[in-house]
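Read in order, the letters of the sequence shown are residues 3 to 395 in our numbering.
Honestly, the hints are just simulated from the structure, not real lab data.
Accuracy of the hints is not assured; some may be wrong.
What the hints assert, rightly or not - Taking lysine-lysine and the BS3-like style, the derived pairs with C-alpha atoms no more than 27 Å apart in a straight line are: (1) 141 x 348; (2) 386 x 348; (3) 386 x 213; (4) 141 x 116.
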Amino acid sequence: MTGVTILGATGSIGRSTLDVIARHPERFDVIALTANTNVEGLYQQCLQWQPRMAVMADADCAERLQQRLAAAVNVEVLAGREGLEQVAIHAASDYVMAAIVGAAGLLPTLAAVKAGKRVLLANKEALVMSGRLFMDAVKENQAELLPIDSEHNAIFQCLPPDFSGNLQQNGVRRIVLTASGGPFRCRPVAELGTVTPAEACAHPNWEMGRKISVDSATMMNKGLELIEACWLFNTSTEHIEVVIHPQSLVHSLVEYADGSVLAQLGNPDMRTPIAYALAWPARMTSGVSGLALPAVGRLDFEQVDPNRFPCLDLARQAMNAGGTATAILNAANEVAVQHFLENHLKFTDIPVLVERTLEAVQSSEADSLAGVLAADAAARDYAKQRVGEYSHG
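Based on the provided sequences and hints, a complete structural model is requested.
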């Protein structure tokens, strides 16, 4: 059996991964499950799956989980960054689902890569923050890196099976990332300042966590995916186009030099890319229903309005700038989204705070993990200080 560790088990990706695994009990063994502060959620998962280990990122939560599990099942409970990295490199873990949201997922995901695991990458921030270092580690340690984001998974499926890492040499003209446009695609731009956290988290097509839902609404999520795609497929921003596709059925496309365009379609359900990565290079059932094209009727595509979605251009600029600029972008966005969700910022303040942080915090070469983490910390400190200048609570 294949041993699987899930970093971020109680989130939407983690739960979907367990749903897929449950359909193939003869193939997979759950080795470890982790969560941030959701004690009840991880407790219930431990009762059902009885992993060897469980990790809470928060030490107090780990103690509470230990007390609850002691009388129920024999699960070793670990805590903090050390615990996350320990399960990520555990000898029994063949595959590691990296689904911790945000910068917190970087170190355990990188640990799994350095241990030569098959890493199912749902944490885009790992590449956004430390792209070159991360990809070098994949190569040096002969790890397998399979993208879980629906867009990158779609591109992976549409590229040649023996893709060499060079688009032009493989006859690829460009990559097209699709974006739903989120819940405010048609709302007048002048009204975006009144958007509430509840509205921003109500994605029309996908079930996602609150942070990722806000990123989708601002289209920063697509900006981070653009950066991730540059690293995953060894290309530059000029060879990647983003188009809005409201139905979220075409997950991305690859255009070839001969004019052919290959697209991967499917219902908007993350179990499809998860099952693909778990079974690769084979295929297996995921629980997702087939796509009924006559019922769909039509597929629409639109250009991105930069006035409505300034975060996409900010991400493109950060990637073009290179160095730690993308780590600064990500850190500022995480701070901005958190304060928006806490009603300390307006929705339209998010790109403003990100842009000001990019301008104020100096970028440097991203040639060490310490340098990347220092840039991340500096950007967070600056962004948090600037939040106090807003009075929109």
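Against the structure, the hints come out as follows:
no.	hint	verdict
1	141 x 348	violated (42 Å)
2	386 x 348	holds (15 Å)
3	386 x 213	holds (17 Å)
4	141 x 116	holds (9 Å)
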